[in-house]
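K.L.:
First to last, the sequence lines map onto chains C and A. For the first sequence, the numbering used here gives the first residue as 1, with consecutive numbering after it. For the second sequence, the numbering used here gives the first residue as 1, with consecutive numbering after it.
None of these hints come from the bench; they were simulated from the model. Where is the CB? At the ideal position from N, CA and C, for every residue including glycine. One should not assume that every hint holds.
Unchecked claim - Mimicking SDA-like on lysine to any residue, the simulated pairs with C-alpha atoms at most 25 Å apart in a straight line are:
no., chain 1, residue 1, chain 2, residue 2
1, C, Lys413, A, Gln90
2, C, Lys207, C, Asp183
3, A, Lys79, C, Gly340
4, C, Lys413, A, Lys224
5, A, Lys84, C, Lys27
6, C, Lys27, A, Pro139
7, A, Lys224, A, Arg214
8, C, Lys110, C, Pro159
9, C, Lys55, C, Gly301
10, C, Lys110, C, Met246
11, A, Lys84, A, Ile18
12, A, Lys59, C, Glu418
13, C, Lys110, C, Leu8
14, A, Lys79, C, Ile96
15, C, Lys27, A, Leu98
16, C, Lys189, C, Gly154
17, A, Lys59, C, Arg271
18, C, Lys55, C, Tyr286
19, A, Lys84, C, Phe124
20, A, Lys79, C, Glu418
21, C, Lys197, C, Gln236
22, A, Lys84, C, Ala419
23, A, Lys59, A, Ile18
24, C, Lys413, A, Glu8
25, A, Lys79, C, Met345
26, A, Lys79, C, Tyr286
27, C, Lys77, C, Lys55
28, A, Lys84, C, Asp183
29, C, Lys77, C, Lys207
30, A, Lys84, C, Glu418
31, A, Lys84, C, Gly154
Stated by the list, open to error - Listed next, the stretches of chain C that the computed footprint assigns to chain A, with coverage defined by at least 3 CB atoms under 8 Å from CB atoms of chain A:
no., region
32, 321–333
33, 395–404
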Amino acid sequence: MKPASNTLWQFWLDLLGQALLGLADHKLRTALSATGIAIGIAAVILIATVNRSGKEVIFSELQTFGLKSVWVHRNYKVDDPRRVIRGGTGISNDDINALKASASCPALAKFTPILWPGRYAPLFATRGNRYSSAGVEGVGSAYLEINNDALVVGRGFNPQDIERRRAVAVIGEQVRNDLFAADENPVGKELRIADDKFEIIGVLAYKDRSFLASINSTGGQQDPNGRILIPYNRLQTMLGTEDITMIQGEAVSPGMARAAAEQIVAFLKRRHQDAFKYRIETMQQYVANADVILGIVSTIGLVAATVSLLVAGLGILNIMSTSVIERTREIGLRKAIGGGEGEIMSQFLIEATLISLLGGVFGLLLGAVSSVAITAWTHYPLVPEFSFIVIGFCVSLVVGLISGVYPAYRAAKLRPVEALRYE
Amino acid sequence: MIRLEGAEKYYTTGAEPIHVLRGISLHIASGEFVSIMGPSGSGKSTLMNILGCLDTLDKGTYELDRRRVDTVNNSEQAKIRNRKFGFVFQQFNLIPRLSALRNVELPMIYGRLPLAERQQRARQALHRVGLGDRCSHTPARLSGGQQQRVAIARALVNDPDVIIADEPTGSLDSHAGEEIMNIFSELHAQGKLIIMVTHEHDIAAYAQRIIRLRDGVIAEDLRK
Chain C
1 MKPASNTLWQ FWLDLLGQAL LGLADHKLRT ALSATGIAIG IAAVILIATV NRSGKEVIFS
61 ELQTFGLKSV WVHRNYKVDD PRRVIRGGTG ISNDDINALK ASASCPALAK FTPILWPGRY
121 APLFATRGNR YSSAGVEGVG SAYLEINNDA LVVGRGFNPQ DIERRRAVAV IGEQVRNDLF
181 AADENPVGKE LRIADDKFEI IGVLAYKDRS FLASINSTGG QQDPNGRILI PYNRLQTMLG
241 TEDITMIQGE AVSPGMARAA AEQIVAFLKR RHQDAFKYRI ETMQQYVANA DVILGIVSTI
301 GLVAATVSLL VAGLGILNIM STSVIERTRE IGLRKAIGGG EGEIMSQFLI EATLISLLGG
361 VFGLLLGAVS SVAITAWTHY PLVPEFSFIV IGFCVSLVVG LISGVYPAYR AAKLRPVEAL
421 RYE
Chain A
1 MIRLEGAEKY YTTGAEPIHV LRGISLHIAS GEFVSIMGPS GSGKSTLMNI LGCLDTLDKG
61 TYELDRRRVD TVNNSEQAKI RNRKFGFVFQ QFNLIPRLSA LRNVELPMIY GRLPLAERQQ
121 RARQALHRVG LGDRCSHTPA RLSGGQQQRV AIARALVNDP DVIIADEPTG SLDSHAGEEI
181 MNIFSELHAQ GKLIIMVTHE HDIAAYAQRI IRLRDGVIAE DLRK
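Okay, chain C solo, but in the shape it has when bound (with noise of 0.2 Å):
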């Protein structure tokens, strides 16, 4: 009487036909100790979506300083009051031409100096009676490069450009508002800033950083969309220095952005004989800082999760030993009939993985609507995961498993006489 594989098909079919009819003479029982499961599942598939959408918009903003980039300035703090301070940013003209000729930095594949004017005095553009507090910088050819920085319309700076210090300007979205009609192309137009005159070559595509401004972040606080980019020696003439602010560099890979920063401040040491300490930033460990922020926040949403995981779970172990209660004497005659303990045991862990997985299923639908919903309330892009829809599904079949176990070993283990006579 060795069963064939066809019946032994069948006999797992017949087990689930069991479990469903068991099921289905405690509906308002199932259902609820299921929205247990449901709400859990939702929860984790909610911060699941959470979690990537938050990554997009963090990681699409991060993009607008381009991935690679690494910064490097003067560190003024001082940790020895003995050595005689020197004045300046430690970064010369002299400075940028030797690292252009130099092959002192391998992992560096490009770089530009920036000048913020800031510390020196502040600049307004005009033009007529319209004015823009937008912030002038002045940068070398490769910037825009380097800072993903895309032009709706003209040119970007070329090597003519800084060698000449041309009175060239590249200016951002809200300067152009600023200082034009909506309906005027800028380009070949005059602003003025301070006493010169600059002739617009561009406008900056729009770049939104608008997250990282609204947790103020360092990075945010600069709108990128209300620059005035000019040729960094223009604007030293302008200043009367020869001081650069910092470099930005660009590294030959993301990987290489913390050797390429150092490969600069070791270059600059030595060329200052150590005068000046540097810090350095680079794009990379911003990006390990929004990952470990995005981690705390979904631990603690997938640990607020696992509570109410475990607390459906125990809904279940109680629902299912109850039925194993009242069913007592139903189980002693399926084992007088020839129910073995494999048997009885696969019935009611069946059962009870049909609770937790149809809790899973409509926890699936749940999490999938308030995704959508958080999303579009948030802005925030949606990103379909459909591995999200496979944990659910193994997280609710897990939790069935392991709430069924107990109940269902108390019902394989009834000793067969007691169970028929049990009132």
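Given the coordinates of chain C, assemble chain A onto it according to the supplied hints.
P.N.:
Chain A in isolation, oriented as in the chain C frame:
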């Protein structure tokens, strides 16, 4: 067919163990119709449970078809119950949410028979007890006598050698009880071994052999 030698059974539910069976030796041949009688506490239910492989011995041996069955494990016991025995209980023990047909199918599910064969045999069994037209009824829609007949169909469906009946008429009126006993007589005529526990003399009288228990021993073994 059945050889029970020196069977003893204790229960330790209370403070001190109760000696329920105090050494019972019993041979039953195939095709017999045996009634087990005795006052409550005499051990007749325990004896029946042991004979039906629902319970195990503390002492003694039990041979079924020349095979020791007192030493087998739980799952082997379940298989023996499934193939060798059909059970009929006082309280019918039908599963209320299942139709008559599905109730009768149950033993064959555990016997792992294919669906088509199961349904055919369940229908035949219900027909045999006169309920061919009640296949889709749930127990709640059947009378007590009809429910007990469904239970008999369930006991018969795996074609067991032994039918074990525990007070099969205990919950029925005399008319329905008579119908049930007629079915048992028919089954006996067809060669089934029937072991029935009862305390009613007129019901016991259907059997060819009456065993009386008192205080865990056989007090009388009468053959007609």
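K.L.:
Does each hint hold? Answer for all of them.
P.N.:
Hints and how they fare:
Of the supplied pair hints, the one linking Lys413 of chain C and Gln90 of chain A holds, its CA atoms being roughly 24 Å apart against a limit of 25 Å. For the given pair, Lys207 of chain C sits about 21 Å from Asp183 of chain C by alpha-carbon distance, which is consistent with the 25 Å threshold. This hinted pair checks out: Lys79 of chain A and Gly340 of chain C have alpha carbons roughly 7 Å apart, not beyond 25 Å. Distance restraint check for Lys413 of chain C and Lys224 of chain A: the Cα-Cα separation of roughly 42 Å exceeds the 25 Å cut-off, and the hinted pair is therefore not satisfied.
Straight-line distance between C-alpha atoms of Lys84 of chain A and Lys27 of chain C comes to about 37 Å, which puts the hinted pair past the 25 Å bound. For the hint linking Lys27 of chain C to Pro139 of chain A, the alpha-carbon distance of about 20 Å falls within 25 Å, and the restraint holds. Taking the CA atoms of Lys224 of chain A and Arg214 of chain A, the gap is about 21 Å. The hint holds against a cut of 25 Å. A distance of roughly 14 Å separates the Cα atoms of Lys110 of chain C and Pro159 of chain C; the hinted pair therefore holds under the 25 Å criterion.
The straight-line distance between the Cα atoms of Lys55 of chain C and Gly301 of chain C is roughly 15 Å, inside the 25 Å bound, and the hint therefore holds. Annotation: proposed proximity of Lys110 of chain C to Met246 of chain C holds, straight-line Cα distance about 14 Å (limit 25 Å). A threshold of 25 Å between alpha carbons decides the hint, and for Lys84 of chain A with Ile18 of chain A the separation of about 30 Å lies outside it, so the pair is violated. For the proposed pair Lys59 of chain A and Glu418 of chain C, the alpha carbon gap of about 20 Å is at most 25 Å, so the pair holds.
For the proposed pair Lys110 of chain C and Leu8 of chain C, the alpha carbon gap of about 68 Å is over 25 Å, so the pair is violated. Only pairs whose Cα atoms come within 25 Å are accepted, and Lys79 of chain A paired with Ile96 of chain C is rejected, the gap being roughly 90 Å. Proximity of Lys27 of chain C to Leu98 of chain A is assessed by CA-CA distance (about 16 Å); at most 25 Å being required, the pair is judged to hold. For the hint linking Lys189 of chain C to Gly154 of chain C, the alpha-carbon distance of about 11 Å falls within 25 Å, and the restraint holds.
Restraint check for Lys59 of chain A and Arg271 of chain C: the C-alpha separation of about 100 Å exceeds 25 Å, so the hint is violated. Taking the CA atoms of Lys55 of chain C and Tyr286 of chain C, the gap is near 12 Å; set against the 25 Å cutoff, the hint holds. Between Lys84 of chain A and Phe124 of chain C, the direct Cα distance comes to roughly 102 Å. Violation of the 25 Å bound is thereby established for this hinted pair. Restraint check for Lys79 of chain A and Glu418 of chain C: satisfied, since their Cα atoms lie roughly 19 Å apart, inside the 25 Å limit.
Distance hint between Lys197 of chain C and Gln236 of chain C is fulfilled; the C-alpha atoms sit about 15 Å from each other, no more than 25 Å. The straight-line distance between the Cα atoms of Lys84 of chain A and Ala419 of chain C is roughly 21 Å, inside the 25 Å bound, and the hint therefore holds. For the given pair, Lys59 of chain A sits about 14 Å from Ile18 of chain A by alpha-carbon distance, which is consistent with the 25 Å threshold. For the proposed pair Lys413 of chain C and Glu8 of chain A, the alpha carbon gap of about 23 Å is at most 25 Å, so the pair holds.
With a CA separation close to 16 Å, the supplied pair Lys79 of chain A and Met345 of chain C stays within the 25 Å bound. At roughly 67 Å between alpha-carbon atoms, Lys79 of chain A and Tyr286 of chain C are farther apart than 25 Å, so this suggested pair is violated. Taking the CA atoms of Lys77 of chain C and Lys55 of chain C, the gap is near 34 Å; set against the 25 Å cutoff, the hint is violated. Proximity of Lys84 of chain A to Asp183 of chain C is assessed by CA-CA distance (about 96 Å); at most 25 Å being required, the pair is judged violated.
Proposed proximity of Lys77 of chain C and Lys207 of chain C is contradicted: the alpha carbons are some 33 Å apart, above 25 Å. At most 25 Å may separate the alpha-carbon atoms for a hinted pair to count; Lys84 of chain A and Glu418 of chain C meet this at roughly 21 Å. Between Lys84 of chain A and Gly154 of chain C the alpha-carbon distance is near 95 Å, which puts this suggested pair outside the 25 Å criterion. Against chain A, the region 321–333 of chain C contributes 4 residues with a C-beta closer than 8 Å to a partner C-beta. That satisfies the three-residue criterion, and the hint holds.
Chain A is given as covering the region 395–404 of chain C, and this is violated because 0 residues of the stretch bring a CB closer than 8 Å to a CB of that chain, at least three being needed.
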